[in-house]
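**Q** Those protein sequence lines, which keep their order, are chains E and P. For the first sequence, counting from 1, position 234 maps to 234 in this note's numbering; every step adds exactly one. For the second sequence, counting from 1, position 299 maps to 299 in this note's numbering; every step adds exactly one.
Simulated from the structure, these hints should not be mistaken for laboratory data. Be careful, since some hints might not be right.
Because identical chains cannot be distinguished in the list, a pair is counted as satisfied if it fits within a single copy or across any two copies.
[As the list claims (entries may be wrong)] SDA-like mimics (lysine to any residue), calculated; alpha carbons at most 25 Å apart, straight line:
| no. | residue 1 | residue 2 |
| --- | --- | --- |
| 1 | 214 | 204 |
| 2 | 245 | 52 |
| 3 | 214 | 172 |
| 4 | 353 | 287 |
| 5 | 214 | 176 |
| 6 | 245 | 331 |
| 7 | 214 | 238 |
| 8 | 214 | 282 |
| 9 | 270 | 64 |
| 10 | 353 | 247 |
| 11 | 270 | 76 |
| 12 | 270 | 300 |
| 13 | 214 | 187 |
| 14 | 353 | 289 |
| 15 | 65 | 272 |
| 16 | 270 | 206 |
| 17 | 270 | 281 |
| 18 | 270 | 322 |
| 19 | 245 | 160 |
| 20 | 214 | 241 |
| 21 | 270 | 107 |
| 22 | 65 | 274 |
| 23 | 214 | 243 |
In this text the structure is predicted, and so the values were computed from the model without any measurement.
2 protein chains.
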Amino acid sequence: MAPAPELAVGMMDGRDATKVMTIEASKNMAVIDMHSHFFPAMDAAYRARAEVEGLPWIRDTGGGKGFIMQGGTEFRPVDDVLWDPARRVEALDAQGIDLQILCATPIMFGYGRPAAEARDLAQRFNDEALAFCGYAPHRMKALAQVPLQDIDMACAEVSRAMATGHLGVQIGNHMGMRNLDDEGLLTFLAHCAEVGAAVLIHPWDMMARERMPKYMLPWLVAMPAETQLSILSLILSGAFERLPKSLRICFGHGGGSFAFLLGRVENAWKYRDIVRADCPRPPSTYVDRFFVDSAVFDPRALSLLIDVMGEDRVLLGSDHPFPLGEQDIGSLVLGHEGLSGAQKAKILSGNAKAFLNL
Amino acid sequence: MAPAPELAVGMMDGRDATKVMTIEASKNMAVIDMHSHFFPAMDAAYRARAEVEGLPWIRDTGGGKGFIMQGGTEFRPVDDVLWDPARRVEALDAQGIDLQILCATPIMFGYGRPAAEARDLAQRFNDEALAFCGYAPHRMKALAQVPLQDIDMACAEVSRAMATGHLGVQIGNHMGMRNLDDEGLLTFLAHCAEVGAAVLIHPWDMMARERMPKYMLPWLVAMPAETQLSILSLILSGAFERLPKSLRICFGHGGGSFAFLLGRVENAWKYRDIVRADCPRPPSTYVDRFFVDSAVFDPRALSLLIDVMGEDRVLLGSDHPFPLGEQDIGSLVLGHEGLSGAQKAKILSGNAKAFLNL
Numbered sequence: 001m002a003p004a005p006e007l008a009v010g011m012m013d014g015r016d017a018t019k020v021m022t023i024e025a026s027k028n029m030a031v032i033d034m035h036s037h038f039f040p041a042m043d044a045a046y047r048a049r050a051e052v053e054g055l056p057w058i059r060d061t062g063g064g065k066g067f068i069m070q071g072g073t074e075f076r077p078v079d080d081v082l083w084d085p086a087r088r089v090e091a092l093d094a095q096g097i098d099l100q101i102l103c104a105t106p107i108m109f110g111y112g113r114p115a116a117e118a119r120d121l122a123q124r125f126n127d128e129a130l131a132f133c134g135y136a137p138h139r140m141k142a143l144a145q146v147p148l149q150d151i152d153m154a155c156a157e158v159s160r161a162m163a164t165g166h167l168g169v170q171i172g173n174h175m176g177m178r179n180l181d182d183e184g185l186l187t188f189l190a191h192c193a194e195v196g197a198a199v200l201i202h203p204w205d206m207m208a209r210e211r212m213p214k215y216m217l218p219w220l221v222a223m224p225a226e227t228q229l230s231i232l233s234l235i236l237s238g239a240f241e242r243l244p245k246s247l248r249i250c251f252g253h254g255g256g257s258f259a260f261l262l263g264r265v266e267n268a269w270k271y272r273d274i275v276r277a278d279c280p281r282p283p284s285t286y287v288d289r290f291f292v293d294s295a296v297f298d299p300r301a302l303s304l305l306i307d308v309m310g311e312d313r314v315l316l317g318s319d320h321p322f323p324l325g326e327q328d329i330g331s332l333v334l335g336h337e338g339l340s341g342a343q344k345a346k347i348l349s350g351n352a353k354a355f356l357n358l
Numbered sequence: 001m002a003p004a005p006e007l008a009v010g011m012m013d014g015r016d017a018t019k020v021m022t023i024e025a026s027k028n029m030a031v032i033d034m035h036s037h038f039f040p041a042m043d044a045a046y047r048a049r050a051e052v053e054g055l056p057w058i059r060d061t062g063g064g065k066g067f068i069m070q071g072g073t074e075f076r077p078v079d080d081v082l083w084d085p086a087r088r089v090e091a092l093d094a095q096g097i098d099l100q101i102l103c104a105t106p107i108m109f110g111y112g113r114p115a116a117e118a119r120d121l122a123q124r125f126n127d128e129a130l131a132f133c134g135y136a137p138h139r140m141k142a143l144a145q146v147p148l149q150d151i152d153m154a155c156a157e158v159s160r161a162m163a164t165g166h167l168g169v170q171i172g173n174h175m176g177m178r179n180l181d182d183e184g185l186l187t188f189l190a191h192c193a194e195v196g197a198a199v200l201i202h203p204w205d206m207m208a209r210e211r212m213p214k215y216m217l218p219w220l221v222a223m224p225a226e227t228q229l230s231i232l233s234l235i236l237s238g239a240f241e242r243l244p245k246s247l248r249i250c251f252g253h254g255g256g257s258f259a260f261l262l263g264r265v266e267n268a269w270k271y272r273d274i275v276r277a278d279c280p281r282p283p284s285t286y287v288d289r290f291f292v293d294s295a296v297f298d299p300r301a302l303s304l305l306i307d308v309m310g311e312d313r314v315l316l317g318s319d320h321p322f323p324l325g326e327q328d329i330g331s332l333v334l335g336h337e338g339l340s341g342a343q344k345a346k347i348l349s350g351n352a353k354a355f356l357n358l
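Could you put together the complete structure from these sequences and hints?
**A** What follows is the structure, given as structure tokens:
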């Protein structure tokens, strides 16, 4: 799947040669990136309505650049790899990615809207996702979004999405004050297991943003804490004791701060009754119940992550095409000196196949 | 300093024999625990006033047990090692600790009180801390507390505390909406450098507690996020460029989630202008400006911490005598198979001597 080196050098536009060599070295290894985002361009009618109603949309400012807008407000500068499937496939070629899993940019969730409106948006965005992937169906597959504020509607939409070609669903990691151990959210997760939908948990609506006014601190501090909170909510509530083992669930951004802080949690579980009240087994024994992606951006952190989670539980995920994602997708795994070829193969594609049931 | 093995077995009350062997093995190695808490018993007049005015106090319920109270409410069950210096020294003997640094339990800070009242409380608690340590002055030393809501008063109290025998100061990691890069807090930190006070930053007043109603999640999720937020506030604001290099500052709980998430921060600094706006150098280059304690409760996490921070920047800290602290103080470091004897000596005492200027 990787392009010829000459072509790659041109397309990679100034990246250093080691990346080309890395891509070459990976030629015999399938690469599946299971955490990336898209945003459909949508038609003029939607964009006009979105601008008025405060919905998210893409403003194409030309030259491959644009903005994610929320109503009339610029939310984030982006480029056309986010909304143009042809440009996305060019990027996948340049990066040597065989298959990429696309899901909504979290601003598309619509969880704060009336449920029926969020359902209609989800249906529309989910159909757009399939159309986007249809440009190169063997290179791009999608995870759906659902109106999570209404569990019945969310279950119905994930069923519809699976029937139309999605591999699963991405949801935000909480719904207001309800963490993942909320009964409604557990009902939804059990339904996903029943219909065979892989579930990616993505942090959103970050805690304590008022305390983090600068430097993207909500993305650097609150997002990893959100993800850790979600994992601990499932573990310490005993939810994993009740959820079916067939549930395939993955947490983005390397599981946030979970892996590094597991020792603190384990110690607290041992020595404090109110920590273990609803959790019959040590927290560390539940790591075989979920996956995490590899987006930790540091070989030392990746080593710890694999040590804690096991080599079957970490999947390549880039957060592409955002600046806080891995810019040279897969380079952290491919360039890791402590991993065997077999381990790299698992993380680059084998584990994704298990998670996605491919 | 370690007791004879026979005595140790009795005093350790059921702990397994490997701990005794570990203590024996450490006999030739000085052990300084630089993160522990105390709460003075105070006199009857204080306790009566505290119960009425909502101040923190110790209710001794007999048999070595009691509660930290806030006014009339039970805040946390504790035992007399927290308030009785004789019992504390027995614990240090049993654990083989040569020197322990005591500081306030954060509920004693009084940051939400009128400044003059917090100053009076700080003076009283600081004097009590010295009296507590006076029971065995070569085994226990103290870090002061200050009325951080008033920077002038805080500077005055840290100066007074240093003159009376404190080694430095412990402060909460934020003051309401003001993170550590607040100009007033930076003035305080610069003053600490000037008067030679070591500074321990301790998480308190945890973010998003309303999202964490059970399982001590504020201690497991929000505390490490608070500490990471504080470190990043100093780094990304460029504060370390302005603070004197003579400042000796340490973050508890292994620096929270900082070390594991540094790769995410470094990547964001590289690829997003608003992350690096006030920070001229890569975030990872500032790790030589602060210390972290070793309270991570997992050898894999400790390895990562030492890899990221360097072996001169990690100090033994137990969070003793609380249940979320290290129960067998130093056992994580002593039992770590990947550390050399020289590295263990640094983490168990050498680095603490540098931090505390002993």
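**Q** Indicate, hint by hint, whether the structure satisfies it.
**A** Cross-check of the supplied hints:
Within a single copy, residue 214 and residue 204 get their C-alpha atoms as close as 17 Å, and across copies as close as 21 Å, so both meet the 25 Å cut-off. Within a single copy, residue 245 and residue 52 get their C-alpha atoms no closer than 45 Å, and across copies no closer than 52 Å, so neither meets the 25 Å cut-off. For the homomeric pair residue 214 and residue 172, the shortest alpha-carbon distances inside one copy (23 Å) and between copies (21 Å) are both at most 25 Å. For the homomeric pair residue 353 and residue 287, the shortest alpha-carbon distance inside one copy (18 Å) is at most 25 Å, but the shortest distance between copies (39 Å) is not.
Taking the shortest Cα distances, residue 214 and residue 176 sit within 25 Å of each other both inside one copy (23 Å) and across copies (16 Å). When the C-alpha separation of residue 245 and residue 331 is checked against a cutoff of 25 Å, the pair qualifies neither within a copy, at 32 Å, nor between copies, at 36 Å. For the identical chains of this complex, residue 214 and residue 238 are inter-copy neighbours only, at 12 Å across copies versus 37 Å inside a copy, given an alpha-carbon limit of 25 Å. Taking the closest pair of Cα atoms, residue 214 and residue 282 come within 25 Å of each other only across two copies (17 Å); inside a single copy the shortest separation is 37 Å, beyond that limit.
Taking identical chains as interchangeable, the C-alpha atoms of residue 270 and residue 64 lie at most 25 Å apart only when they sit on different chains, with a minimum of 21 Å there against 54 Å within one chain. Within a single copy, residue 353 and residue 247 get their C-alpha atoms as close as 14 Å, which meets the 25 Å cut-off; across copies the closest is 51 Å, which misses it. In this assembly of identical chains, the alpha carbons of residue 270 and residue 76 lie at most 25 Å apart only when taken from different copies (17 Å versus 44 Å within one copy). When the C-alpha separation of residue 270 and residue 300 is checked against a cutoff of 25 Å, the pair qualifies only between copies, where the shortest distance is 18 Å, while the shortest distance within a copy is 27 Å.
In the homo-oligomer, the alpha carbons of residue 214 and residue 187 lie at most 25 Å apart only across protomers (20 Å), although the nearest pairing inside one protomer, at 37 Å, exceeds that limit. Taking the closest pair of Cα atoms, residue 353 and residue 289 come within 25 Å of each other only inside a single copy of the chain (16 Å); across copies the shortest separation is 44 Å, beyond that limit. For a Cα distance limit of 25 Å, the shortest separation of residue 65 from residue 272 across copies, 15 Å, qualifies, whereas the shortest one inside one copy, 53 Å, does not. In this homomeric assembly, residue 270 and residue 206 come within 25 Å of each other (Cα to Cα) only across copies, at 22 Å, whereas the closest approach inside a single copy is 29 Å.
Taking the closest pair of Cα atoms, residue 270 and residue 281 come within 25 Å of each other only inside a single copy of the chain (10 Å); across copies the shortest separation is 41 Å, beyond that limit. For the homomeric pair residue 270 and residue 322, the shortest alpha-carbon distance between copies (12 Å) is at most 25 Å, but the shortest distance inside one copy (40 Å) is not. Taking CA atoms no more than 25 Å apart as the test, residue 245 paired with residue 160 passes inside one copy only; the shortest distance there is 23 Å, against 60 Å between copies. Taking the closest pair of Cα atoms, residue 214 and residue 241 come within 25 Å of each other only across two copies (18 Å); inside a single copy the shortest separation is 40 Å, beyond that limit.
For the homomeric pair residue 270 and residue 107, the shortest alpha-carbon distance between copies (24 Å) is at most 25 Å, but the shortest distance inside one copy (39 Å) is not. Taking CA atoms no more than 25 Å apart as the test, residue 65 paired with residue 274 passes between copies only; the shortest distance there is 18 Å, against 51 Å inside one copy. Taking identical chains as interchangeable, the C-alpha atoms of residue 214 and residue 243 lie at most 25 Å apart only when they sit on different chains, with a minimum of 20 Å there against 39 Å within one chain.
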